[in-house]
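S.K.: Chains P and U are the protein sequences, given in the same order.
Residue numbering for the first sequence follows my numbering, starting at 183 and increasing by one per position.
Residue numbering for the second sequence follows my numbering, starting at 183 and increasing by one per position.
Be aware that one or more of the hints could be misleading.
Same chains, same names: a pair is fine if it fits in one copy or spans any two.
Derived DSBU-like pairs (lysine-lysine); straight-line CA-CA distance at most 35 Å [stated by the list, open to error]:
#1 Lys339 x Lys207
#2 Lys448 x Lys293
#3 Lys447 x Lys539
#4 Lys448 x Lys348
#5 Lys231 x Lys326
#6 Lys448 x Lys326
#7 Lys293 x Lys375
#8 Lys447 x Lys326
If you're looking for bench data, these hints aren't it; they were derived computationally from the structure.
This structure is a prediction, so every number in the text was calculated from the model and none was measured.
Number of protein chains: 2
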Amino acid sequence: MSVGTELLLGEITDTNAAFLAGDLKGRGVTLHFKTTVGDNLARVVSTLKQALERADLVILGGGLGPTDDDLTREAIAEVVGETPIVDEVYLEQLRGYFLSRGRTFPEQNVKQAWVLPSSEALPNPVGTAPGWFVRPVFGPYAGKIIVALPGPPREMKPMWLEQVIKRLNLPPSGFYHRTFRTFGIGESHIAEKLGELTLMANPSVATYARRDGVHVRVAASADALEGAKTLAHPVEERVKSALEGFVYGTDAQTLPQILGALLLKKGQTLSVLESMTGGLILDELSNESGSSAWLRGGAVAYTLSAKQRFGVALEPGVSEVSGEAALEMATRARAFFGSDWAISTTGVAGPDTLEGKPVGTLFVGIAGPSGSRFIETMGAGDRRTLKERSSMSALGLLWRALLADSSVTRSGEDQ
Amino acid sequence: MSVGTELLLGEITDTNAAFLAGDLKGRGVTLHFKTTVGDNLARVVSTLKQALERADLVILGGGLGPTDDDLTREAIAEVVGETPIVDEVYLEQLRGYFLSRGRTFPEQNVKQAWVLPSSEALPNPVGTAPGWFVRPVFGPYAGKIIVALPGPPREMKPMWLEQVIKRLNLPPSGFYHRTFRTFGIGESHIAEKLGELTLMANPSVATYARRDGVHVRVAASADALEGAKTLAHPVEERVKSALEGFVYGTDAQTLPQILGALLLKKGQTLSVLESMTGGLILDELSNESGSSAWLRGGAVAYTLSAKQRFGVALEPGVSEVSGEAALEMATRARAFFGSDWAISTTGVAGPDTLEGKPVGTLFVGIAGPSGSRFIETMGAGDRRTLKERSSMSALGLLWRALLADSSVTRSGEDQ
Chain P
183 MSVGTELLLG EITDTNAAFL AGDLKGRGVT LHFKTTVGDN LARVVSTLKQ ALERADLVIL
243 GGGLGPTDDD LTREAIAEVV GETPIVDEVY LEQLRGYFLS RGRTFPEQNV KQAWVLPSSE
303 ALPNPVGTAP GWFVRPVFGP YAGKIIVALP GPPREMKPMW LEQVIKRLNL PPSGFYHRTF
363 RTFGIGESHI AEKLGELTLM ANPSVATYAR RDGVHVRVAA SADALEGAKT LAHPVEERVK
423 SALEGFVYGT DAQTLPQILG ALLLKKGQTL SVLESMTGGL ILDELSNESG SSAWLRGGAV
483 AYTLSAKQRF GVALEPGVSE VSGEAALEMA TRARAFFGSD WAISTTGVAG PDTLEGKPVG
543 TLFVGIAGPS GSRFIETMGA GDRRTLKERS SMSALGLLWR ALLADSSVTR SGEDQ
Chain U
183 MSVGTELLLG EITDTNAAFL AGDLKGRGVT LHFKTTVGDN LARVVSTLKQ ALERADLVIL
243 GGGLGPTDDD LTREAIAEVV GETPIVDEVY LEQLRGYFLS RGRTFPEQNV KQAWVLPSSE
303 ALPNPVGTAP GWFVRPVFGP YAGKIIVALP GPPREMKPMW LEQVIKRLNL PPSGFYHRTF
363 RTFGIGESHI AEKLGELTLM ANPSVATYAR RDGVHVRVAA SADALEGAKT LAHPVEERVK
423 SALEGFVYGT DAQTLPQILG ALLLKKGQTL SVLESMTGGL ILDELSNESG SSAWLRGGAV
483 AYTLSAKQRF GVALEPGVSE VSGEAALEMA TRARAFFGSD WAISTTGVAG PDTLEGKPVG
543 TLFVGIAGPS GSRFIETMGA GDRRTLKERS SMSALGLLWR ALLADSSVTR SGEDQ
């Protein structure tokens, strides 16, 4: 249950739900329903009651703040039929938290120090709202577990992982799954290649079209993890061989991560000169910790004069949105930054056409130790979607180029 | 209702829900519940029944694909007690869609041409799954409206806006709201400044801590929009004056958008040299359409040798993570790209400390027509969170600098 009117007003996207769902799955807990409800006591109470009637464990996120709109504590108290009391020790800690920051303690925050007879307060090192771990001993929900977590993801996640999991005392999971991440092949083409594999129930094979390509997931259930793995193994092998040449990584491996590992192994470096993608490729690459070891640097250059500062020179009449321009940009970026590899993007992100080229046009340039080339593609979508797809195309094309290339740079040679 | 096991497995984040919630709010439709349910016919049916019992309009997203797991059509048919029939005209269109792409028509896709006696198929120009607009004439849900939309956002959004809205025939909304977006002030500090304003019911004033700063929302309801506006106006004025100097924009206005408008008005340009933020600032700025008019370009430079290529020179003993380095980076980026303004970031995104500085350290450099300065801040969070907060800090500090600066560049002078 996600609690908060702001979620029903569309003001924020609920990312906690996806995090918890994924984590529960990995621990063998089956999630049947997820409900979002506003800051309305009657509706939170009725939703919580229904949830407790159909599940053993109910997790609530949000509504633990200090204001009158934060009603999660009140709702739980009503549902389990208990009266909150103030935990004086925690109240002192709360006061100290404010004092140590030179702020006066707002009296409305007292309710963040509430506990119930059947609740345990979960410490929150990142914020002021403790969580609640509730195991009602009496009443219709005796034996069920209610967990209340703060809404902000950076408070929710550590509390879930460090405080809640150990209290749940879950049995080892008999659920196994592996995701294959692909580049350069569509969902229906994959379905053809997989054939009857997608009709199986356990292990099951499912495809998901994602922002970063189609994912293929093999999942199996058994009494214990080992049995599930054994069940899944032959199917995994068949999926791998059916999709040979298209799978760049498994599970949580991203393209930037795979590219970083490939470059590190080769002892080579990369630079980027972006026009169409406007910094998104650099942003995605630099999300990888340790990327400074293989990402030499990069730049965003829209105008011809900005491109010229990196040495880009175009023959008269050659469009800035062209394969030649992409090639020149990649070659010049490689020289400017002194990297082994360079990729470039030029195209039309929209909303308007550019130099007579339609929105969605993309040219990717790739320069490497054994030569350079460009690839033209065409995408659809709004400006942000096009930027994202174009970034993925460029990274996927670089992945292919790295795999096809046999050059290795001796460690330190190019440093 | 969001339908899809992948949502309960945490494999994707449900962004459709936030979009629809926000859109409904603006049209005066109150959203009470949002539920996610897996690809399980019994659970989709029971959730849909419950939804129809407590609401006049139920919107389903997802489950319209061609596979056996796509059960939304089956569930609606069961709930309204009708039998699907194949729409031969649409089936021909579907076949044509595949043929025109040189692909054979998969027979399982026939069910995407299903209709019910009380359903109307909604065209999908972006994909193969038409939506459904269902108005049951008989049975317990006669008079209610069920809308089924495809799961992919780029298919869902146009169908909602172009096909569903006109069929819903909603009365004009009497709901008015305005969001003030702030930079450089915390939620509790804002609460202090707003005082008793936050205790009002209609108009109401609420604060939300967001990735891009705290948002303050004034909302009012009345019989008609004009009345709601009149009600909200004096409160809006009080909020504005209480938060003077901190509000950078209203409603959907983002910092990059505001910065672009300020720069355009001054006839000035910007460049960026990023280390800590690794391209995220450039990505965010270039998400603005038309940004090529004021964003001269920018670069990501982690290593000293990459920074040197832009002219950055540091005295011996000066750390690359320092105010001096940030200042030098901004000054050199301004010269390299020939822009009126430049911002730079250097710091520690983690996971490891750097040059003895703790994770979260950030130095922002700002160089402009009237001089340059640096600002040191300290943040908390993981690598991605730190990159996001640091980008926001840099953009917010630039916003302040632009407001404080009186220089104007004559149009064309610096082009």
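S.K.: So, for every hint listed, does it hold in this structure?
M.R.: Do the hints match the structure? See the list:
no.	hint	verdict
1	Lys339 x Lys207	both (15 Å within a copy, 29 Å between copies)
2	Lys448 x Lys293	neither (57 Å within a copy, 50 Å between copies)
3	Lys447 x Lys539	between (39 Å within a copy, 29 Å between copies)
4	Lys448 x Lys348	neither (42 Å within a copy, 57 Å between copies)
5	Lys231 x Lys326	both (11 Å within a copy, 26 Å between copies)
6	Lys448 x Lys326	neither (54 Å within a copy, 62 Å between copies)
7	Lys293 x Lys375	between (58 Å within a copy, 22 Å between copies)
8	Lys447 x Lys326	neither (50 Å within a copy, 61 Å between copies)
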